[in-house]
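Please build the complex by placing chain L on the supplied structure of chain U, with the hints as guidance.
2 protein chains.
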Amino acid sequence: MITNLKEIQSDNAKGMKRSVIRELLKLTTQPGLISFAGGLPSPATFPTDKLKLVVDEVLDTDCKAALQYGSTEGVIRLRELILENYLEQGLDINIHNISITTASQQGLDLLAKIFINPGDNVLVGLPSYLGGLSAFKSYGGVPIGIEFDEHGMRSDILEETLEKMKKDGKMPKFIYVIPDFQNPAGITMPEFRRIEILELAKKYDVLVVEDSPYREIRFEGEDQKMLYALDNTGHVIVLGTFSKIFVPGFRIGWIIADEAIVDLFVKAKQAVDLCTSPFVQKIAAKYIDAGYYGENLLRTIALYKEKKEMMMKAFEEFMPEGVTWTNPEGGLFLFVVLPENMDAETLFPKAIEAKVAYVIGTAFYCNGEGKNTMRINFSYPSKDQIVEGVKRLATVIRNEMK
Amino acid sequence: MITNLKEIQSDNAKGMKRSVIRELLKLTTQPGLISFAGGLPSPATFPTDKLKLVVDEVLDTDCKAALQYGSTEGVIRLRELILENYLEQGLDINIHNISITTASQQGLDLLAKIFINPGDNVLVGLPSYLGGLSAFKSYGGVPIGIEFDEHGMRSDILEETLEKMKKDGKMPKFIYVIPDFQNPAGITMPEFRRIEILELAKKYDVLVVEDSPYREIRFEGEDQKMLYALDNTGHVIVLGTFSKIFVPGFRIGWIIADEAIVDLFVKAKQAVDLCTSPFVQKIAAKYIDAGYYGENLLRTIALYKEKKEMMMKAFEEFMPEGVTWTNPEGGLFLFVVLPENMDAETLFPKAIEAKVAYVIGTAFYCNGEGKNTMRINFSYPSKDQIVEGVKRLATVIRNEMK
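For the protein sequence lines, the chains are U and L, in the order given.
Residue 34 is where the first sequence starts when you use the working numbering, and the numbers rise one by one after that.
Residue 34 is where the second sequence starts when you use the working numbering, and the numbers rise one by one after that.
Careful: at least some of the hints might be erroneous.
One copy or two, either will do: identical chains are not told apart, so a pair holds if it fits within one copy or between any two.
In silico DSSO-like cross-links for lysine-lysine, where the CA-CA straight-line distance does not exceed 27 Å [stated by the list, open to error]: (1) Lys235 <-> Lys85; (2) Lys85 <-> Lys199; (3) Lys346 <-> Lys39; (4) Lys383 <-> Lys258; (5) Lys39 <-> Lys404; (6) Lys85 <-> Lys97; (7) Lys97 <-> Lys199; (8) Lys435 <-> Lys170; (9) Lys83 <-> Lys97; (10) Lys170 <-> Lys47; (11) Lys424 <-> Lys435.
The set of hints was computed from the structure by calculation and includes no laboratory data.
Next comes chain U alone, as it looks inside the complex (with noise of 0.2 Å):
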């Protein structure tokens, strides 16, 4: 072995941690574990029948470039589709606003690596979440956090913190956000905050970066509209991806921005793999072009509508009081907040041996705090699952308060 390892590595790559739910995750396989940690969608909701006629026609029509490299920008047809989503949400956009990445975290590596200097700050919600935080410490970015209220971000404080900032000659790269859904806060903004939060963008002119994996997820309540819809300023950048409805094996997410910053992440992305894989994005596109997607998506969010009611259920049954969480109008997620003495992380070996597991909130604090919240998924464990796992968590937290 090279003799200096640890000195030879980059000053970034010295502070890279294993991500703390990925490595959960592995502690999770054990047999006759209930896991609501991870943010793995349901495999009922894979269209697996659909996917082999569609397989079968790309191969059949279209295999000599579906396996060929692609463009770094991506399959046209999938971006046209894409584009058809966001059109009738009111976007201002042509094909040209949309690149195609290999999946949402891919966006964030290459907004980091777009923006970050090492020592650069950016905003981050008080939680948020864990993959951006570590796709932006990857490049030496430091987070500061923003706290929330029952909408979201709150932008007294953060009209508070850009205003400090501007003195100290010091701003922020961009506003991280993730309006719909949060992860993992589960809390969707209503309009009026994210036009608060527009507002300072654009009197700052710093960037918004709307992190957007889960508004098709919704069960109910009003659409609230995209913040890159209300703004026409060019200062958002959108991440989407089809991983949480569709399918996350396929590694298939996009950015939407203004002209100009596509064409950084494009430049970006071309020393980082080149292009994301053309025969995924044919499958996807010749998918949605079928007319599968959206009745596999009406069906994936009454699955998730059925499997958050169950556990609201549980929750409200089986949790003892001074423990409280939020009822999320959609996503994957929501999130506990256990009584202000109490510590999830040292609570986590205990619901290990009761056999649930959840993702400690820490790990969505880039300030450390939060160390009495959890996140819990519920698109995942089954519905017998979800009502087991809440009481088995129940009980691990009702003995610690005792």
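Then chain L, alone, in the frame of chain U:
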């Protein structure tokens, strides 16, 4: 639009350029143009019918895992099959020395992410693979070129350079080589040169990156042992890929290294794209398990051998005196050297006018040399195109000589 997009980019992004090759490839789509510019496999080598069988089987028997998120390290069965291939080649490794990447370009990106701080040096060939250079530069790496002789990277200059760097107290992060059918030079390192380079790597305690995308495509001559097989000190990192020998559109590659280094790749990949598509990985594993891989590879080798020989013949027949070229024992490329006073870049528009394209050699020289060189691909053009394209290219060169 945000007003200060130029200023807020990271230092590395400011230096990023669109890939010369990928931009050239756009020019080469005009009708009637014969392109020797890309590095595309021939679509005739894509095993479409066999893939249909295999994909159906994956969806029938393993769809839940194939369509779900997968582990960052990759699908175990695929890693086992890759392991078998390298065990046969004398590498002393186990499955923990192998991790899947989203094709080889991601291997290069992760390598740079893990080891390169802005300003760090890496040693590369003169010439060397453009995608490697872009990946290293995209993290602020500064490549230092080592001259070639007919056996590839010169070990005497490598030693001088390492000695000087040691004295200056600024060692390179790694030595980047493509020992088999080098891109773009078409040269294969004989074993003695591989051993010389390894000895230097050990003496100066520097990593060697053995980029190995073409090794399986040998038309003639003797296999040379891999550097990894000749080393027993953990100084070598291998980058492999299916892109040239199976299906580029699947975007599957791998790294082979000491476990401690594999661990760094896995951590880095978690922030970059979580995992490579398990769907395409499972298709690849099933395809190999079904015994289709070897026969298709033989077919591929036979086709490329025929094309290379046809190209050699055409070069001999049509090229004017003063032009020389390599005769590769395998791979996809040959390298052409024009008379010293000629410039392949100023020649390029004339070639496009004559409806033939190549890659200008300077793209592969980190020191700006190579003005009178060009890279020629023979895997993608048809046999007729090879003859006609060389004719056109020879005419353009002959006219320029006058």
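Hints, verified against the model:
no. : hint              : in the structure
1   : Lys235 <-> Lys85  : neither (47 Å within a copy, 51 Å between copies)
2   : Lys85 <-> Lys199  : neither (55 Å within a copy, 58 Å between copies)
3   : Lys346 <-> Lys39  : neither (50 Å within a copy, 52 Å between copies)
4   : Lys383 <-> Lys258 : neither (42 Å within a copy, 52 Å between copies)
5   : Lys39 <-> Lys404  : neither (31 Å within a copy, 40 Å between copies)
6   : Lys85 <-> Lys97   : both (19 Å within a copy, 14 Å between copies)
7   : Lys97 <-> Lys199  : neither (53 Å within a copy, 50 Å between copies)
8   : Lys435 <-> Lys170 : neither (39 Å within a copy, 58 Å between copies)
9   : Lys83 <-> Lys97   : both (22 Å within a copy, 14 Å between copies)
10  : Lys170 <-> Lys47  : both (11 Å within a copy, 20 Å between copies)
11  : Lys424 <-> Lys435 : within (17 Å within a copy, 87 Å between copies)
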